[in-house]
Amino acid sequence: MPQLSTPARAILAIVMLLAATPAAPAADIRLGWLATGSGDEGLDGLKLAVADDNASGRFLGQAYTLEPVILPPGGDAVAGLKQLADKAIRFVVADLPAADLIRAADAAAATGLVLIDAGAADDSLREGECRRNLLHTRPSRAMLADGLAQVLVRKSWKSWLLVVGPEPADRLYAAAIRRAAAKFGARIVAERPWTYTRDAQRTAEGESVALTQGVSYDVVVVADEAGAFGDSMVFNTWEPRPVAGTQGLTASAWSPVHDQWGATQVQNRFRAQAGRAMTERDFAAWAAGRAVGEAAMRGRTSDPARIEAAMRGSDFTLAVFKGRAASFRPWDGQLRQPILVGWARAVVAVAPQEGFLHPFTDLDTLGSDQGEKKCAARQ
Amino acid sequence: MRRAAVMMVAMLAAGGVRAQTAYVSNEKDDTISVIDVKSMTVTQTVKVGRRPRGITLTPDFKQLYICASDSDTIQVMDLATLKIVHDLPSGEDPEQFTLHPDGRRLYVANENNNVVTVIDTQTRRVIGQVDVGIEPEGMAVSPDGKVAVNTSETTNMVHWFDADKLTLLDNTLVGSRPRFALFDKEGRTLWVTAEVGGTVHVIDAATHKERQTISFAIPGIPKDKIQPVGLRLSNDGKLAFVALGPANHVAVIDTASLKVVKYLLVGRRVWHLALTPDGSRLLATNGVSGDVSVIDTERMEVLKSIPVGRYPWGVAIRP
Numbered sequence: 001m002p003q004l005s006t007p008a009r010a011i012l013a014i015v016m017l018l019a020a021t022p023a024a025p026a027a028d029i030r031l032g033w034l035a036t037g038s039g040d041e042g043l044d045g046l047k048l049a050v051a052d053d054n055a056s057g058r059f060l061g062q063a064y065t066l067e068p069v070i071l072p073p074g075g076d077a078v079a080g081l082k083q084l085a086d087k088a089i090r091f092v093v094a095d096l097p098a099a100d101l102i103r104a105a106d107a108a109a110a111t112g113l114v115l116i117d118a119g120a121a122d123d124s125l126r127e128g129e130c131r132r133n134l135l136h137t138r139p140s141r142a143m144l145a146d147g148l149a150q151v152l153v154r155k156s157w158k159s160w161l162l163v164v165g166p167e168p169a170d171r172l173y174a175a176a177i178r179r180a181a182a183k184f185g186a187r188i189v190a191e192r193p194w195t196y197t198r199d200a201q202r203t204a205e206g207e208s209v210a211l212t213q214g215v216s217y218d219v220v221v222v223a224d225e226a227g228a229f230g231d232s233m234v235f236n237t238w239e240p241r242p243v244a245g246t247q248g249l250t251a252s253a254w255s256p257v258h259d260q261w262g263a264t265q266v267q268n269r270f271r272a273q274a275g276r277a278m279t280e281r282d283f284a285a286w287a288a289g290r291a292v293g294e295a296a297m298r299g300r301t302s303d304p305a306r307i308e309a310a311m312r313g314s315d316f317t318l319a320v321f322k323g324r325a326a327s328f329r330p331w332d333g334q335l336r337q338p339i340l341v342g343w344a345r346a347v348v349a350v351a352p353q354e355g356f357l358h359p360f361t362d363l364d365t366l367g368s369d370q371g372e373k374k375c376a377a378r379q
Numbered sequence: 001m002r003r004a005a006v007m008m009v010a011m012l013a014a015g016g017v018r019a020q021t022a023y024v025s026n027e028k029d030d031t032i033s034v035i036d037v038k039s040m041t042v043t044q045t046v047k048v049g050r051r052p053r054g055i056t057l058t059p060d061f062k063q064l065y066i067c068a069s070d071s072d073t074i075q076v077m078d079l080a081t082l083k084i085v086h087d088l089p090s091g092e093d094p095e096q097f098t099l100h101p102d103g104r105r106l107y108v109a110n111e112n113n114n115v116v117t118v119i120d121t122q123t124r125r126v127i128g129q130v131d132v133g134i135e136p137e138g139m140a141v142s143p144d145g146k147v148a149v150n151t152s153e154t155t156n157m158v159h160w161f162d163a164d165k166l167t168l169l170d171n172t173l174v175g176s177r178p179r180f181a182l183f184d185k186e187g188r189t190l191w192v193t194a195e196v197g198g199t200v201h202v203i204d205a206a207t208h209k210e211r212q213t214i215s216f217a218i219p220g221i222p223k224d225k226i227q228p229v230g231l232r233l234s235n236d237g238k239l240a241f242v243a244l245g246p247a248n249h250v251a252v253i254d255t256a257s258l259k260v261v262k263y264l265l266v267g268r269r270v271w272h273l274a275l276t277p278d279g280s281r282l283l284a285t286n287g288v289s290g291d292v293s294v295i296d297t298e299r300m301e302v303l304k305s306i307p308v309g310r311y312p313w314g315v316a317i318r319p
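These protein sequences, in sequence, are chains L and W. First residue of the first sequence? That's 1 in our numbering, and the numbers climb one at a time after it. First residue of the second sequence? That's 1 in our numbering, and the numbers climb one at a time after it.
Check before you lean on any hint, since a few could be wrong.
DSBU-like mimics (lysine-lysine), calculated; alpha carbons at most 35 Å apart, straight line [claimed, not checked]:
no., chain 1, residue 1, chain 2, residue 2
1, W, 225, L, 183
2, W, 185, W, 209
3, L, 373, W, 223
4, L, 158, W, 225
5, L, 155, L, 373
6, L, 183, W, 223
7, L, 158, W, 223
8, L, 155, W, 146
9, W, 304, L, 155
10, W, 223, L, 155
11, L, 155, W, 28
12, L, 158, W, 28
13, W, 223, W, 165
To be clear, the hints were calculated from the coordinates, so they are not data collected in a lab. Source: prediction; values computed, not measured.
Using the sequences and the accompanying hints, generate a full structural model.
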């Protein structure tokens, strides 16, 4: 699809604003949504957060509004962000590819605008390419891999066969898995690339069996973010072994079947509003919108600078229906939170698992830790 | 030898307790466990509606009201026969409730649709509803019957409303995920637990302003695993007992100094509490370990844990 001309984009944005924004009262708190492509995933989560914020904020005289800007594929994230900034929006929840997110964050560096990343799991955004005006509610790949690794290691399924897809994202996921294995004492006994060829005699089903032969392991860990082959590997290995990683037993921030710690209530609210189940992206956007609301309500303020300070404060906590309070890590802006580990029909474990100790909080056994000092912008 | 001594102590301790009966709702089993407090044993297990959570006794101790959350109803159990005699209209997903001092009006928190429903238990009709914050949970009515409060878990507030007119009076912001509210006997102070905040809030009932926030610290337990839920005040009002959820402890607070004086180790994910009418025993439901801890309130010791059903939630005790 060709990139829309600027007027067309502006019209698109205005239409969306009209659709989503009620009349703004005086003391309001405005949230923006900036994403690429179509679809309501993520945006529906943020809509629920704004509804939740309003349901609570009305008792304090606060009103929350949402202004979405949805870019066409390949659209200019900086221009999209400017549209929101021009409306004096200081909190923008984003679901953008890492490169776009960094360009947007850099463009907004001097404006005091805070970008909350609810889409990109890239570790680089929390480490080498981190930015001071970026917060992350979506767990990083390292957090997900660490959560999965804790569950596998605790079961003593410590020897892994790693099968890696061809996409750049697959390589990033595989890197997080390697790091988690080293961190928690698992061993990658062999690593095999998944290569797709146009040979008509080869099928994903057949490849799985062939790829999992000739080596002894406890678990096959697949790195297949696009879903090209991982699903067909489940129940389809040479030896009877479980599959984990991006398919099979997976780690995630949220699951439609998660029902512990009051999650049923938020799942029901989401389903009533969106008419579908709440996904990980919806959850990350919901958490971003709620974090702003929580900080504004705790501080009884609509002043963006004070809201931001409260959100980043060491005593800030957010209830996220996962049994532990979430909060932002000062060293990389990542929301520390429990990770759910399970499959399509059940959450079977929650990380951090018992026994993985940490001097401050075991939630920081997941992902990049303070002592690693990987985010130079925040040192 | 030591075991014999322990048993004797236990027997002596039990000797001072009158016959009292405890009822425990088992959330995952859809049952009520009946416990003889004196012998500390389960005498009967009764099947009830789906996902029973909050339970409360009528003032005459003849009936037990049960929030059967997934059946969207409140069941009324006759305690002489242990049979469900009828249902009350409850609104959707009732979780906790409280009886007005008049013994007639029941105030129910409907977790799924952000309202409190008030039911006349005699006519079995809904009298009215009050809009509150998201995920209403804790319910309490002041001893003089004039003011009712509700806590909303995601809005993080105490909503104060006129118990008769059902009009909202005020809102007090408290810690994250407030779960339970209780007035002291004089109606001067409201106690509220905040599960995710990890705090107990002591609020002046006249001004609706917080007097003090109480925090907890247990060596070896991460702070965010200390999640206060159930709370009870001793009959003389001098002590407050707080169930700390996955911290697996009950905190004992001196209500004069508002300081924690002791932590008692109980079962896993301790949820709600009830005192025996004579005040000598405190029962605590442990959700994950599926048992009830019996605490001697004079010695401040845990005497026994009684296995019940899966995910015990609420507890109520009659003479």
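*asked:* Please verify whether residue 155(L) and residue 28(W) have alpha carbons no more than 35 Å apart.
replied: holds (26 Å)
*Would you check the hint for residue 304(W) and residue 155(L), treating anything up to 35 Å between C-alpha atoms as holding?*
Answer holds: residue 304(W) to residue 155(L) is near 32 Å, not above 35 Å.
*When you check the alpha-carbon spacing of residue 158(L) and residue 223(W), does it fall within 35 Å?*
Within the cut-off at roughly 31 Å; holds.
*Hey, residue 158(L) versus residue 225(W), does the alpha-carbon distance stay inside 35 Å?*
holds (28 Å)
*Are residue 183(L) and residue 223(W) close enough, with their CA atoms no more than 35 Å apart?*
holds (25 Å)
*Are residue 158(L) and residue 28(W) close enough, with their CA atoms no more than 35 Å apart?*
holds (34 Å)
*Within a Cα-Cα threshold of 35 Å, do residue 155(L) and residue 373(L) meet the stated pairing?*
holds (31 Å)
*Is it true that the CA of residue 185(W) sits at most 35 Å from the CA of residue 209(W)?*
Given that 35 Å is the threshold and the Cα spacing comes to 18 Å, the pair holds.
*Are the Cα positions of residue 225(W) and residue 183(L) separated by 35 Å at most?*
holds (24 Å)
*asked:* Next pair to validate is residue 223(W) with residue 155(L); report whether the Cα-Cα distance is within 35 Å.
replied: holds (27 Å)
*Take a quick look at whether residue 373(L) and residue 223(W) sit within 35 Å of each other, Cα to Cα.*
holds (24 Å)
_Holds or violated: residue 223(W) to residue 165(W), with C-alpha atoms at most 35 Å apart_ = violated (41 Å)
The structure is inconsistent with the numbered hints 8, 13, although it conforms to all the rest.
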